[in-house]
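*Asks:* Chain A: place on chain H using the hints.
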Amino acid sequence: MLRPLLSLLLGFTLLLGVAVPLGMTFVAGAVMPGQAGGSLIRRDGQVVGSALIGQNFSDDRFFQGRPSATSAAPYDATSSAASQLGPTSAALLTAVTERVAGGRDVPADAATASGSGLDPHISPENARAQVPRVATARSLPPARVLALVEQAVEGRELGLFGEPRVNVLRLNLALEVQSQAVAQGTPGGAAPVPR
Amino acid sequence: MTIIGWVQIALVLGCALLLAVPVGQWLAALANGRLGALAGVDNAVLRAAGVDPARGQGWQAYLMAMLAFHAAGFVLLYAMLRLQGVLPLNPQGFDGIPPYLAFNTAVSFITNTNWQAYSGEAAMSHFSQMAGLAVQNFLSAASGIALAFAVIRAFAAGGVKQLGNFWADISRVTLWLLLPGAIIAGFLFIAMGVPQTLEASATATTLGGAEQVIPFGPVAFQLAIKHFGTNGGGFFGVNSLHPFEGPSALATSLQIILQVVIPFGLCLTFGRIVGDRRQGVALLAVMVGFVLVATLGIYAAEAGGNPLHIAAGVSPLQGNMEGKDLRFGQALAALFTATTTGASCGAVNAMIDSFTPLGGMVPLFLIQLGEVLPGGVGSGLYGILIFALLAVFVAGLMVGRTPEYLGKKVQAREVKLAMLAVLVLPAVILGLTATSLVLPVAIASLQDAGPHGLSEMLYAYTSAAGNNGSAFGGLTADTPWLNVTLAIAMVLGRFAFVIPVLAIAGSLAAKPRTPEGPGTLPTHGPLFIGLLAGVILILGGLQYLPSLALGPIAEHVSMIAGTTF
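These protein sequence lines are chains H and A, in that order.
One gets this note's numbering by counting positions in the first sequence from 1 and adding 395 to each.
One gets this note's numbering by counting positions in the second sequence from 1 and adding 1205 to each.
Here chain H stands alone, though its shape is the one from the complex (with noise of 0.2 Å):
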């Protein structure tokens, strides 16, 4: 028993724990290198974040994400989390009526937290709710904010999987693009969101 027992546990071990991994690891390297290295979005070379990961965005001049529950602050992505409270937690009653801030029909991903902490998208109206606040900070028309919003609206996965939603850091991406053209007096249309 002892000869079968070892050399299936060591062998495995150094097959499917080893080898296999690490081999896949160097060829999705070579033909998938963007997601298999984390999705990373770079700007004039630099990195500033994954398509995936979500953001802490705090400023008004910014979209804002979901709230978010990791533990040394917000968006910590060396630690996801969730709040993990109850339906009747009175905390998180407290938390929801803060964010909603007196408001009514608030959309829910605005007012809880994500299961992640890291929820790198929120729901279009929840965006579209954002228009007025991000428009006056950045002293656009409402109109050319909105027109990004609409643009960054990803539809469901095929038509059919999962729901309609906006990548927070795409669209201010894309915002930062467009504040930029018009201060260099070249409004030209809402600026492309990256993909």
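Any given hint might turn out to be false.
Stated by the list, open to error - Covered stretches of chain A (in silico footprint by chain H; criterion: 3 or more residues with CB under 8 Å from a CB of chain H, positions within the stretch not fixed):
1. 1271-1284
2. 1310-1321
3. 1331-1345
4. 1503-1513
To be clear, the hints were calculated from the coordinates, so they are not data collected in a lab.
For glycine and all other residues, C-beta sits at the position ideal for the given N, C-alpha and C.
*Replies:* Here is chain A on its own, set in the frame of chain H:
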């Protein structure tokens, strides 16, 4: 609930069922050792390992081989975790895992539970993830399937002592099913955005000017086997909710398919090998029926939203979004949660702790029903066969005939052993939950007050004993008391269940298969499907109703009354 939501559910479940047909067929070939073109390589591998596949083992020898294999796996994994600091591929510079946590984690991964009292990106080196945890994902899954093979053979054969060869079974399942499946799924996941790299992290300068450290690693391959082997242990702390572990609705759909395809397929394998495919279809029908009802329950509860929050001004349109990410949607979150808890996987794409009370009760109850709907790879099939034996026994009592299943007489010894197996789960779950709820050292781990706190504790022991691994995550699980008692629950849930199961297999294998008579209860029609579902609900579920009334049901009533804690 929306129509498009139900279309998503139907398509994903339909794909899983379609794929289960070839997977079930291939599993039957593996169980029979008919490997076709692979036979040469397979023989060479087994010979090199000193295994003669033709040498069958009786039930005790099969059991001993399995126990010894996992004991050795435990020692290896425990050592790797403790020594993490000095082992290679540790770009993060993590220290060794402390003893209690390493003990809990090693037990968790050898029992196919994958309960996680740690957060992957903050504690585990690439080496621990790849060569430690992911390897046990493969081996614990292969071992479950091997046991299912042994039990299937016991029903198919007559008058034999041997149940097959454990070493040949785990080697074949690993090499010729789990590994190729995980490689294909791994590359699909990478294409969808799941990282597979040896680097530890990237540092971004955000638009707001802050620095954001984004950790990743060799995620995709581990993710693939985590679902294909119904293991459930995430690379990251938030599991398949992490955008790197569940980057899209399509990725989450593929994960759902992966985590049910083997448990579904094994039903068909069973039908093929016992020579009556309708028998397998009947078991599958029970599993799919429960999955659909559970999905409906979760979907309805979660899409309805939290009335307390709606009253505070939140729009009810999106449903309850606390603890959920936006990209999956309520329908796929519901189907994922029903299948991950029904299938003993334990990965999550939505935080169950923040579900509405009834939405959270469904996954809890699914695990309590014995992890047979459809259950883990292998364990689901041998689990539901135990319930099938009890169902024919109950039917036999009603009409006063000796019960039989597939021509095997079910007698006192088998029924006693089956009841012993079925009683392990409630004894462990209710015993340890009740003990913990009176111990200050355990209660200190609860995050939520009121009935929800009871649910957190009940869910933890349910998940551990059911070898599921999902959690009401508010519980602070990394304490000596919980690390040790949850590990005990995992060991009993896996191995104390398996011993009577293999003993039953041994005694059934020795019995001849008698031909059907006029008084035989057909075990493939709607009557039996209904009977089996009823036995699972009553024998598997009834003993938990008082605890459910004190936890989720009391919380639901409080919520309707507007009470918070």
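*Asks:* Which hints from the list above does the structure break, by number from lowest to highest?
*Replies:* 2
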